[in-house]
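Use these hints to put chain B onto chain A, whose structure you have.
Quick mapping for you: the protein sequence lines, in order, are chains A and B. Quick note on the working numbering: the first sequence kicks off at 1 and runs consecutively. Quick note on the working numbering: the second sequence kicks off at 1 and runs consecutively.
These aren't lab readings, by the way, just hints derived from the structure by calculation. Keep in mind that the hints are not guaranteed to be accurate.
To be verified - Derived DMTMM-like pairs: lysine to aspartate or glutamate, alpha-carbon spacing no greater than 25 Å straight-line:
1) K57(A) - E76(A)
2) K57(B) - D142(A)
3) K57(A) - D147(B)
Stated by the list, open to error - Beyond 10 Å from chain B on every Cβ pair, some chain A residues (computed):
4) R9
5) I149
6) R150
7) G184
8) E194
9) H195
Glycine included, every Cβ here is placed at the ideal spot set by N, Cα and C.
There are 2 protein chains.
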Amino acid sequence: MKATVPAARGYALGMTKGDRLRITNTTGTQVLDTWAFATDGQDDLLSMEHCREVLQKITFDTGDILVTNLYRPILEILDDTSGGGHDTLIAACSAAMYARSGAGNDHPNCAANLATALAGEGRSCAVTPAPWNLFMLAPVRDGRTIDYIRPTCPPGGYVEVKAMMDCLMVFSACPDDVYPTNGGDGSPCDVHLEHISA
Amino acid sequence: MKATVPAARGYALGMTKGDRLRITNTTGTQVLDTWAFATDGQDDLLSMEHCREVLQKITFDTGDILVTNLYRPILEILDDTSGGGHDTLIAACSAAMYARSGAGNDHPNCAANLATALAGEGRSCAVTPAPWNLFMLAPVRDGRTIDYIRPTCPPGGYVEVKAMMDCLMVFSACPDDVYPTNGGDGSPCDVHLEHISA
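Chain A on its own, in the form it takes in the complex (with noise of 0.2 Å):
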């Protein structure tokens, strides 16, 4: 089944045990905020800081299993030609920052596409959650200093992930146009989905 991400707007994806996910930056310029919650009867879901502890490093790579706040495989890493790097240090945009930036109060944002899909779903969460930032590159220096450039992933460089639970992907094509977080001239794109169930 093929999908779209609309830009800086958000989809939720529901994802059965075993079922392959490839996410296509098709203009190679789009970030992606990427959370997954698990649907199997417990409510963990896709941690960053629990992945960082594991794995053991800041970024994630091909072979890389990503575990919920519980420990539990949620997704498997089977590809990535984007060329990596992938950030999980910074917050999902949100009206706050938008505002805070001098962008006005209705900014569309990645914290409000997530609430949005989720209420879809029936769900909720009262804190967004730390986001996989798919495709958006905040390189740490000097071992301490966060650099932000923009996304260098060639056009139409995927992520494909398996999911090593049932759970529910959500992903926001990031509407930002604040920081140098998307590439090009800074306007949010479509992310094209292929869902190859198991």
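Positioned in the frame of chain A, the structure of chain B alone reads:
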């Protein structure tokens, strides 16, 4: 007012805007998981991923102003004689972490200490927020690999913070004896607080 965070236990402390708090690592060996929750009518909380974004670094220093997930200033770091480098990357230890490590299902843990301390204040949180791990060192090597080393804080080293808003601070003197998180012989120790009202 002087107080103690007992070894392997949690402690909650209400702070009024302008209050100062000196957090002393009496032995120099003890990690202190630290959280702060707004109590001024909003329900935002100290957020590592928002602080990293705004401060553009993965560890924080004297003079830095830490923010909530609404980017509101909540704590200012007034002084730090510990040597700094307090971890922001790693999850609080939890029942799941100790079970995974083979340390049993009833090991004291920071996540439970937070929950207990919050319950004592009539509060709760659905997901354990990523803590500010005072005195914990998890340096990033080569831009991405996380190392775990024992604290290098001198005995009596301290961090002093000022509340930038009314907030509830919660501390857990980390019970970790699995990772090389706590120093010395790995035994949890008391941490001492000195609260100076505005």
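TODO: Classify the label on E194(A) as holds or violated, using whether its beta-carbon is more than 10 Å from each beta-carbon of chain B.
DONE: holds, 28 Å
- [ ] Evaluate the condition: distance from the CB of I149(A) to the nearest CB of chain B exceeds 10 Å.
- [x] holds, 12 Å
- [ ] Take the C-alpha atoms of K57(A) and E76(A), compute the straight-line distance between them, and say whether it is at most 25 Å.
- [x] With a Cα-Cα distance of about 16 Å, the restraint between K57(A) and E76(A) holds, given a limit of 25 Å.
Task: Given hint D147(B) paired with K57(A) - CA-CA distance at most 25 Å - done: Within the cut-off at roughly 8 Å; holds.
Open item on the list: Checking a non-interface call: every C-beta of chain B should be farther than 10 Å from the C-beta of H195(A). Is that right?
Closed with: Per Cβ check, H195(A) is outside 10 Å of chain B; nearest 27 Å; holds.
Open item on the list: Please verify that the nearest CB of chain B lies beyond 10 Å from R9(A)'s CB.
Closed with: Holds, since 22 Å exceeds 10 Å.
Task: Closest CB of chain B to the CB of R150(A) still more than 10 Å away - done: At about 16 Å from chain B, R150(A) clears the 10 Å cut-off, so the statement holds.
- [ ] For the pair we were handed, K57(B) and D142(A), check the Cα-Cα distance against 25 Å.
- [x] holds, 10 Å
Open item on the list: For G184(A), is the shortest CB-to-CB distance to chain B above 10 Å, so the non-interface label stands?
Closed with: holds, 22 Å
When each numbered hint is compared with the structure, no violation occurs for any of them.
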